[in-house]
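Number of protein chains: 2
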Amino acid sequence: MTKVIPRIQAGFMELLPGEQILFNKYLKIIRDTYEEFGFVPQETPIVENADVLFAEIGEDTKKEIYRFTKGDDDLGLRFDLTVPLARYVAMYFNQLQFPFRRYQIGKVFRGERPQKGRFREFYQCDIDIIGNGNLNLVNDAEIPAVINRVFEKFDLGDFTIFINNRKILSGLVNSLGETSKIDEILRAIDKLEKIGQETVRLMLVEDLSIKVADAEKILKFVKITGNNKEIIKKLEEFEIEDELYRKGVSEIKEVVEKAINFGVSEKNLQIDLSIARGLSYYTGTVYETKLLDDRIKGSVCGGGRFDNLADSYTNQRLPGVGVSIGLTRLFSQLLDSGMIKVETSSVAKVLIVPMDVVSNFCLKIADEFRKAGIPTEVYTEEDKFRKKLSYANKMGVQYVAIVGDQEEKEKKVALKNMLSGEQELVDVNSAINKIKGK
Amino acid sequence: MTKVIPRIQAGFMELLPGEQILFNKYLKIIRDTYEEFGFVPQETPIVENADVLFAEIGEDTKKEIYRFTKGDDDLGLRFDLTVPLARYVAMYFNQLQFPFRRYQIGKVFRGERPQKGRFREFYQCDIDIIGNGNLNLVNDAEIPAVINRVFEKFDLGDFTIFINNRKILSGLVNSLGETSKIDEILRAIDKLEKIGQETVRLMLVEDLSIKVADAEKILKFVKITGNNKEIIKKLEEFEIEDELYRKGVSEIKEVVEKAINFGVSEKNLQIDLSIARGLSYYTGTVYETKLLDDRIKGSVCGGGRFDNLADSYTNQRLPGVGVSIGLTRLFSQLLDSGMIKVETSSVAKVLIVPMDVVSNFCLKIADEFRKAGIPTEVYTEEDKFRKKLSYANKMGVQYVAIVGDQEEKEKKVALKNMLSGEQELVDVNSAINKIKGK
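These protein sequence lines are chains F and Z, in that order. Number 419 in numbering that gives the first Met the number 0 belongs to position 420 of the first sequence; there are no gaps in the numbering. Number 223 in numbering that gives the first Met the number 0 belongs to position 224 of the second sequence; there are no gaps in the numbering.
Derived by calculation from the structure, the hints in this document are not laboratory data. There could be a bad hint or two in this list.
To be verified - Pairs of lysine-lysine, DSS-like flavour, derived with a Cα cap of 27 Å:
#, chain 1, residue 1, chain 2, residue 2
1, F, LYS363, F, LYS152
2, Z, LYS246, F, LYS363
3, F, LYS252, Z, LYS266
4, Z, LYS2, F, LYS2
5, Z, LYS246, F, LYS289
6, F, LYS61, Z, LYS2
7, F, LYS61, Z, LYS69
8, Z, LYS435, F, LYS152
9, F, LYS24, Z, LYS370
10, F, LYS296, F, LYS115
11, F, LYS266, Z, LYS62
12, Z, LYS408, Z, LYS363
13, F, LYS152, Z, LYS24
14, Z, LYS152, F, LYS437
15, F, LYS2, F, LYS152
16, Z, LYS252, F, LYS408
17, F, LYS266, Z, LYS69
18, F, LYS69, Z, LYS2
19, F, LYS370, Z, LYS24
20, F, LYS435, Z, LYS24
21, F, LYS27, Z, LYS152
22, F, LYS435, Z, LYS152
23, F, LYS232, Z, LYS408
24, Z, LYS252, F, LYS370
25, F, LYS363, Z, LYS408
26, Z, LYS152, F, LYS363
27, F, LYS410, Z, LYS252
28, Z, LYS24, F, LYS348
29, Z, LYS370, F, LYS437
30, Z, LYS252, F, LYS69
31, F, LYS289, F, LYS193
32, F, LYS363, Z, LYS289
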């Protein structure tokens, strides 16, 4: 029989068991933290109607959609979790309570050309808070608190949540009389880190016809440094007579102060006036998070405040604020760089290893261990004893409970700690206590 | 601006927050139980290469595949989790330990015509144990133990795990000299409950040209009743001289005995000789699980033993045994029938409600609650107090911590139990203990 070559598409992450266990650990931290902050779970279909997807999409992303027909239906795979959120809130508007605080963790799809570090199928882990008509600024301060908690629990070293407010730079641009070019200027500034100051200067001056002196002013402005208090003080002292600018400065001041009260460590939150986020969608606070370890490239988490979530689907005004963690890309970098390592390929805490065949006594012990809440596996195959222990080693299981004739007669197990090598003959209850670390 | 109508495809389940919280409860029970039995997590892509999918598929299912191209790639959405498992085991064969015990919980896609109770996107929750060359029969006994634990935790009333062995009926058919018709006969028997005995008799006699007396014998055979011991005794006493038959009887006897030792209650496990499962794929033990509550139609969980998992992709012989819970369909029936009800739309245990604006004291309390492990939400909007309490009621949150000037001065909160209506002024630590039920 001719075989089909077993393979998957490039750009789709698939993990070995030990890696998957590790991935799920991070996924669980995110989910648990989101719920700790009272965000409710949401799950939308992977497949959406194409017109729903295409109502809220840029030209560049359009080409990346996996689009197809089935019968008369024109369909596509979701490319983010924000469009489904917008569609959902518009669709169930009357059945939801506002502010609507939801999280969604799920795979999204972008059929771009695969390249290192880019995925076609990847996890987004989103939180958003959507208001009905209005949404208090205190919500902008809670988002960094969630991210701060997630990355503290991740325990991947120091990290910085960079925060900015698009009103500030927009106000500066207003004051220069270049209001019509705001989106292009913000997009150029967003590329600073990637393409460097000189190229951005050229973009501003040549592509956008900004006066040389003004371009200089903008570039100098976004490079203002200092701690949060110092930056805010400088911003307040600038003589920029623009209402939007003043609003942006007062917003960022309040958001930073409240975020600290929400539990964000001062050292983890930093105003950075060059953070612009590419999407014109954002209208106020914007966030990006970076790990200090330079093995992790780029932002691991981004988001911001928007004025209106779902105007493609409804007339309701739905302002919101949210953020998304790109877990697939982060995890892939963590693994590739060796920052994290597979420690076990087993979710069981104990493996029951029969000396000979699997007796009913072995099964009963497994049942008792499991009922005591201990994840338990039984080695079922009639292999040589050495092969059974080698399996335990390769799986990286912590305890092995060996059962032979003698143990069965005494209703005991020989409990071996695979790390220390210690082994002792104990009854089942003692084994349970040992394994549970009591 | 013209609006796109916010909607989803028929046959895709999408839930409101309270329903989603409930759904996730069942999902978590399944995941936790699978891990308690030492199954490792697996996650394969939603999108597979079309030739990989089509290598292992029946003609009927082919039409249901969501198939599409992207660039030069011919792709499809996975329609079950077994084909991806087969592809995975063949692909990573040298990196896996055997027996390979994995679970996968994920969405699969079948673009059939939508009808009540049928879904186009639905969860499968699969466990399988795959051996390298051989796989001990004790594994067939562990599967019902997992299912038994899951449905005990589900707490949806009594349930029965029906068990059979396809070798028994195949052996009987052999003994009648109709070996070549085994698959068709089993498929006909599989329809017994659906189409009734008379129609199956006609299928056997007219479509499959089975002698009337033999058809009678088969139909009588599959209706043998009694408890497990009685049925096994009857099977052993039949004078059917066929090796496969004898093997089937001895297997089912061993599997039932070992399943009981693995912790399955006698009352939850029942031999039923009419359980055949449609797929010719199964070669030995087969399972189906039903709830006794007749509001839940059909089997909620099915599976069995197979001789070779992945012969479309590899020459390795990979026998296995597994089972799948169809959670989407079960959940939809539970909700529609009123067997389960939404109790809360909140994952938070406490909502902090400021009498006036959200002060920094409110944010600090939220931080302390969360650090103590209490899922906490803050009501952020500047609404009337009555509206805030109405939100708490509608969300179904258990505790409300009211904070006004007086509370802030005393560093206390007015903690209100929304169920009992009790309210008391307590400091933050006492509030934490109350909420945690200490």
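Hints and how they fare:
| no. | hint | result |
| --- | --- | --- |
| 1 | F:LYS363 <-> F:LYS152 | 37 Å, violated |
| 2 | Z:LYS246 <-> F:LYS363 | 25 Å, holds |
| 3 | F:LYS252 <-> Z:LYS266 | 66 Å, violated |
| 4 | Z:LYS2 <-> F:LYS2 | 50 Å, violated |
| 5 | Z:LYS246 <-> F:LYS289 | 62 Å, violated |
| 6 | F:LYS61 <-> Z:LYS2 | 19 Å, holds |
| 7 | F:LYS61 <-> Z:LYS69 | 13 Å, holds |
| 8 | Z:LYS435 <-> F:LYS152 | 22 Å, holds |
| 9 | F:LYS24 <-> Z:LYS370 | 19 Å, holds |
| 10 | F:LYS296 <-> F:LYS115 | 12 Å, holds |
| 11 | F:LYS266 <-> Z:LYS62 | 57 Å, violated |
| 12 | Z:LYS408 <-> Z:LYS363 | 14 Å, holds |
| 13 | F:LYS152 <-> Z:LYS24 | 24 Å, holds |
| 14 | Z:LYS152 <-> F:LYS437 | 26 Å, holds |
| 15 | F:LYS2 <-> F:LYS152 | 45 Å, violated |
| 16 | Z:LYS252 <-> F:LYS408 | 25 Å, holds |
| 17 | F:LYS266 <-> Z:LYS69 | 45 Å, violated |
| 18 | F:LYS69 <-> Z:LYS2 | 24 Å, holds |
| 19 | F:LYS370 <-> Z:LYS24 | 19 Å, holds |
| 20 | F:LYS435 <-> Z:LYS24 | 25 Å, holds |
| 21 | F:LYS27 <-> Z:LYS152 | 21 Å, holds |
| 22 | F:LYS435 <-> Z:LYS152 | 22 Å, holds |
| 23 | F:LYS232 <-> Z:LYS408 | 30 Å, violated |
| 24 | Z:LYS252 <-> F:LYS370 | 25 Å, holds |
| 25 | F:LYS363 <-> Z:LYS408 | 59 Å, violated |
| 26 | Z:LYS152 <-> F:LYS363 | 19 Å, holds |
| 27 | F:LYS410 <-> Z:LYS252 | 25 Å, holds |
| 28 | Z:LYS24 <-> F:LYS348 | 24 Å, holds |
| 29 | Z:LYS370 <-> F:LYS437 | 25 Å, holds |
| 30 | Z:LYS252 <-> F:LYS69 | 47 Å, violated |
| 31 | F:LYS289 <-> F:LYS193 | 14 Å, holds |
| 32 | F:LYS363 <-> Z:LYS289 | 25 Å, holds |
Checked against the numbered hints given earlier, this structure breaks hints 1, 3, 4, 5, 11, 15, 17, 23, 25 and 30; the rest are met.
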